[in-house]
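K.L.:
Those protein sequence lines, which keep their order, are chains A and B. The numbering of the first sequence is the numbering used here, which starts it at 21 and goes up by one. The numbering of the second sequence is the numbering used here, which starts it at 840 and goes up by one.
No lab work stands behind these hints, which were simulated from the structure alone. Here a beta-carbon is modelled for each residue, glycine too, at the ideal position from N, C-alpha and C. One thing to keep in mind: the hints can contain errors.
[Said to hold, decoys possible] Have a look at the derived ranges for each label pair, beta carbon to beta carbon:
1. A:Ala103 - B:Arg942: 21 to 29 Å
2. B:Val901 - A:Ser71: 26 to 34 Å
3. A:Arg183 - B:Leu951: 52 to 60 Å
4. A:Gln72 - B:Arg1065: 16 to 24 Å
5. A:Gln72 - B:Asp977: 22 to 30 Å
6. B:Gly991 - A:Ser44: 36 to 44 Å
7. A:Asn207 - B:Ser927: 17 to 25 Å
8. B:Ser927 - A:Asp52: 29 to 37 Å
9. A:Cys63 - B:Asn1051: 36 to 44 Å
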Amino acid sequence: MSPTEEDFELELRSLPGVLNVGISHRESGDVDGVKLVIHGQDCAAIKTIASQIASLYYPDATVSVEDASQVVPANAGASPRVALVRADFNAEDGVCEVQLAYEGRTGLGRAGSGQLFGGAEATLTALRDLGFDVPYYLLAAVSVATVRGWPVIVTLRSPSSDRDMLGIAQSERDLVSASMATLDALNRFLSNGQKND
Amino acid sequence: MSSLHAVPPEDDEYYGQHYEPWLFQTMLDELSASELGIGFIYSVLDLLAQRYELSDAVVVLVHESFGTQSFRLGRRSLTPEMTENFASAGVYCEPDVVPDVERDAVRTACQLALSLHLARFSAAQDPLTKIANRRAFDTALQASAVRSARYGWAFTLVLCDLNDFKAVNDVSGHAFGDDILRQFGFALRLSVRQGDTAARIGGDEFAVILSNAEGNESSGFIERLRAHLEKVGVEIDFTFGIAASPSDSTDPAELFRIADGRLYEKKGIKH
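Chain B extracted, bound-state conformation (with noise of 0.2 Å):
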């Protein structure tokens, strides 16, 4: 694979300041290792450490969904007198000796990879519950069908619907619903292993990818949510429907048909 090199310009002048190429060497070398994230905000906030000795290094960044954010070196919290200090966008390093160039270009880029990550995390995400949307469900679910279907490897599909929503709010509202929706989200979240994936793919329609999980495995799961559903305090009850790969099929639409047909017929419903 082929990497990215930071060209110097002829002059070694940049916008009249002298050039440093190390940075945006190190910063372009940062970029091909990782996506860019948070994570790489700490990451040039180490380098610039390194290179200026310095004892400390704070990168204030104005971000319209977030606001006002601080990164500080070494993912260290500031106090709140420290705040104060760091009310406008900069790059603040004790000492003070990193030039302007380099203040401006860490900057940039760490705006960047902030924007970056909130969009990627965003485009994945259900904003009402904070779990998996539907797009980043049908990925993940294509995903585990090819790898069941090459390998073998076994992962159960588990559709849940929430018992009589529509009453919840027809009665309570849609403010009240939304809750409900929330505290669901929540409960499946806590109820998920590391690697599976829970969704919110309708409505008040879920869905989870138990990952390395035979069918009948599923029962750990399913009591697990019913624990953590009445550990928040959801008074709804819910009803599913699970279908196995590679046992019932390796097909993701054939999958959710027979996971979907077994909830249906479930709730005595013909589908």
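Chain A with its partners taken away, still in its complex shape (with noise of 0.2 Å):
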């Protein structure tokens, strides 16, 4: 068997739960550190056998092995968000329709005037349907070329003060990018849980 930092990798690679093996090397070229990203395994007995390993082919790396599962998710204690489940346009009709779904319910909306007012508005009226008080009404949804593509910023307005919400969201279609910056644009208020019951 060849000694080789690529036959050396997949040997880490092969023990259990390892995610991803990084290797350092000194200037002369010789591995320097390995070190293991693993989940759901035991770390000391992880880094015995991979010290074991590396004494093979490199006696004097050292083995650091840290476990992905002890990390806490980023979004862990976080109110549960709303997801866009669908948005359609029916062009004989020119009708567009909207799914959301929050903690397991689904709201569904639908409104005219196009893709990108249509979907804003079948969004906010999703958005009722799943029980928030939307205390807000659309003022703009506009489609802006950029370098990198046309995403639709869409202008919410509240009746009871001028403070606009703005969302800015991109995607393939118009009407996914409006509904995706209706979202955006009520990011903080949904976050907050305004809802009626």
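Using the hints, build the complex out of the two chains.
P.N.:
Have a look at this one:
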């Protein structure tokens, strides 16, 4: 068996739970250290086996192991998110239909007036269908040309104040962009769980 | 030797997307230059990084034997926090500028590279001890014998047999016996030099090809093996038989027969 670096890495990756192997080198090109990221396995046991394998290939290399399962997910503790399930446009009657999901329930909204306005309005209706008391009305939904594509900007306004909420999103379809931009505009409002019930 | 060339489709489209022949051609060049393995995956990430001036790139593959595996540009490790972002198969780039058609091509090629590397590795490896298997040993012995006959290069064949291994299995169980074999294989791997071949060729039978070594140089290897067995904590002894090439023979079958005969002679068994 040729003790190449590739075979060395393959052996390490064959260990249970290994997600990623990082290898650092000295200036001479020799392997200096190996870092494994694992999931759902005993760090100490994996480190012992990895050190044994390393001793065969690169006896001077240091071995470290980090457990990804110990990392607290970035969204842990956050309130559930409103998710866009689908956004369809019926070309015959010009109606946009948007379906949203929140905490296992779905809400449906329909609106006309084209894919930009219709997509934003249908999203607001779907949010109300989910039980959110959304105190904003749609002021504008426009697509703008940029070097990276055509994002949609949605502006919502509160009747009780002049404060506008702006959202921006870009996807393959204007309707989806408009719906996502509406959710983006309401991001902070929705994350506070402003519901009727 | 002829090299491979990517032939662009006539309509410049590939499944409805703009076709970029550079990637396919450079991947084929890479394939022609080396065996397909993990190194290929890093080469392709390097190519992408150069082409699109990426600061970072990760390809995530899902393999039935390995589970989810991430490969990061420059052979760098991910932080545990990053793994959450790269949980599903795909090509992730910073900045996010690589076209979908190229991501798909890279992911497919990398998946193939990983599978072929594992297949090549597994075909030559004994799954229990992680040293060469009988097939790889036969190939190595044949190659060494041919070189010895043609150029006079010396090598030594060492056959090892664990003493009373059957009793270990009978008394302590097969799981314990497997542990002994695993540890013996590990001690063998520690004891050989680069270029030597250590193999498990039967139940409790092992073989080592010591390159560029005359028969008397094998004593150094035996000493190293005994020291490593003690270090690893294997409480089982072994008997060995040696044959040297070209002094004993340059025929692989004859060398094996000589080493085997000497091993059984030491065990006091008529062969």
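K.L.:
Against this structure, judge whether each hint is valid.
P.N.:
Tested hints:
no.	hint	verdict
1	A:Ala103 - B:Arg942: 21 to 29 Å	24 Å, holds
2	B:Val901 - A:Ser71: 26 to 34 Å	27 Å, holds
3	A:Arg183 - B:Leu951: 52 to 60 Å	55 Å, holds
4	A:Gln72 - B:Arg1065: 16 to 24 Å	19 Å, holds
5	A:Gln72 - B:Asp977: 22 to 30 Å	27 Å, holds
6	B:Gly991 - A:Ser44: 36 to 44 Å	42 Å, holds
7	A:Asn207 - B:Ser927: 17 to 25 Å	24 Å, holds
8	B:Ser927 - A:Asp52: 29 to 37 Å	31 Å, holds
9	A:Cys63 - B:Asn1051: 36 to 44 Å	41 Å, holds
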